[in-house]
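Asker: Just so you know, the protein sequences line up as chains A and B, in that order. Using the working numbering, read the first sequence as starting at 1 and increasing by one per residue. Using the working numbering, read the second sequence as starting at 180 and increasing by one per residue.
Note that these hints are calculated values from the structure, not bench results. Take these hints with a grain of salt, some might be off.
Pairwise CB distance ranges, derived in the manner of DEER restraints [claimed, not checked]:
#1 A:L128 x B:K220: 20 to 28 angstroms
#2 B:K224 x A:L128: 15 to 23 angstroms
#3 B:R291 x A:R39: 46 to 54 angstroms
#4 A:E72 x B:Q248: 17 to 25 angstroms
#5 B:G266 x A:I162: 33 to 41 angstroms
#6 B:K224 x A:P120: 21 to 29 angstroms
#7 A:A75 x B:A223: 28 to 36 angstroms
#8 B:N228 x A:Q79: 27 to 35 angstroms
#9 A:D98 x B:K224: 22 to 30 angstroms
#10 B:R265 x A:S158: 14 to 22 angstroms
Remember, it's a predicted structure, so these values are computed and weren't measured experimentally. Just so it is clear, CB atoms sit at the ideal spot from N, CA and C, and this is done for glycine as well.
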Amino acid sequence: MIYARRLCGLLLLAILLSACDQAPPGDALSEGQLFPPLRLTGLDRPDVDIDDLRGRWLVLNVWATWCGPCREELAGLQQLDQLFDEHELRVLGLNVDDDPHIAREFLYDQAISFANYSDPNMFIARDLLGIRAFPDTFVIAPDGTLWRSITGERDWTSSSVIDVLRQAINGQPDALQSL
Amino acid sequence: MVMKKMVIKQHTPAVLMWTLLLCCCLAALPVGAADPQQGGKLYAKNCKNCHGASGIAQMPGLPDFSRGQGLLSSDNDLLQFIRNGRGMMPAYRGLLSDRDILDVIAYVRTLRR
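Based on the provided sequences and hints, a complete structural model is requested.
Answerer: Written out as structure tokens, the structure is:
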């Protein structure tokens, strides 16, 4: 009887182990949907509920130090964050490195000062946001609506991108479709 | 002799359990050759938007897989490239397993005409 129970337990464990690398990714968020109410774990600052940041445009960039194009665009995002008033637009980073220390060191080394948060097991990135590749950037309206989801590197300091963001801040968010 | 039989009988369930566990774990390991059919499904979901259904890129500056461009590297080099991204190519580490990526590489190699 005891062996039968152990056998069942071990079989269950084996089935769970075999399913470990087969978890289906979450469905990607659709533009126009309300962005999910995430609790972000601070890398270099206190944790925050993303809903508490409503009232301004948010540019949430999901990145990793091992991701070449992610590293390339961080400096541009830093410039973008400094270009806008924090009541109009804020840039946030969500790092998915396994080890937050590596990300912290990288940010320090690159003098990146915009708010960064940590998602070491990719629960938020993969399961909640349904990200399919890195970097991925979400542009979120002041009311919490997701306006754009952009996969891949962008030049966030180009005049066309800055113009589009200014138009969005001035009440013309449709311009974001050209990003 | 009787004692030996009793010992064997006593240990049989444990041996059976460990054998089953080993079989299940082995079944979960990524063994065997890459599967281009599975790679095709993953390609359609993750790569087609930029690289095109038949490997002819939808954007300027991307390789034309139907002419074998970008495919001269080894599977391992391509695996690292897809995992970590470079330039316009985003990174897939943590989102696609190495086995998935090798399946995609196997599929992409079939696109050459």
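Asker: Indicate, hint by hint, whether the structure satisfies it.
Answerer: Going through the hints against the structure:
1. A:L128 x B:K220: 20 to 28 angstroms: Because 24 angstroms falls inside the window, the suggested range holds.
2. B:K224 x A:L128: 15 to 23 angstroms: holds (19 angstroms)
3. B:R291 x A:R39: 46 to 54 angstroms: holds (47 angstroms)
4. A:E72 x B:Q248: 17 to 25 angstroms: Cβ of A:E72 to Cβ of B:Q248: about 23 angstroms, so the range 17 to 25 angstroms holds.
5. B:G266 x A:I162: 33 to 41 angstroms: For A:I162 against B:G266, whose Cβ atoms are near 22 angstroms apart, the range 33 to 41 angstroms is violated.
6. B:K224 x A:P120: 21 to 29 angstroms: The hint (21 to 29 angstroms, Cβ to Cβ) holds, given that B:K224 and A:P120 are roughly 25 angstroms apart.
7. A:A75 x B:A223: 28 to 36 angstroms: Holds - the Cβ-Cβ distance for A:A75 and B:A223, about 34 angstroms, lies within 28 to 36 angstroms.
8. B:N228 x A:Q79: 27 to 35 angstroms: holds (28 angstroms)
9. A:D98 x B:K224: 22 to 30 angstroms: holds (25 angstroms)
10. B:R265 x A:S158: 14 to 22 angstroms: holds (20 angstroms)
Of the numbered hints stated above, the single one contradicted by the structure is hint 5.
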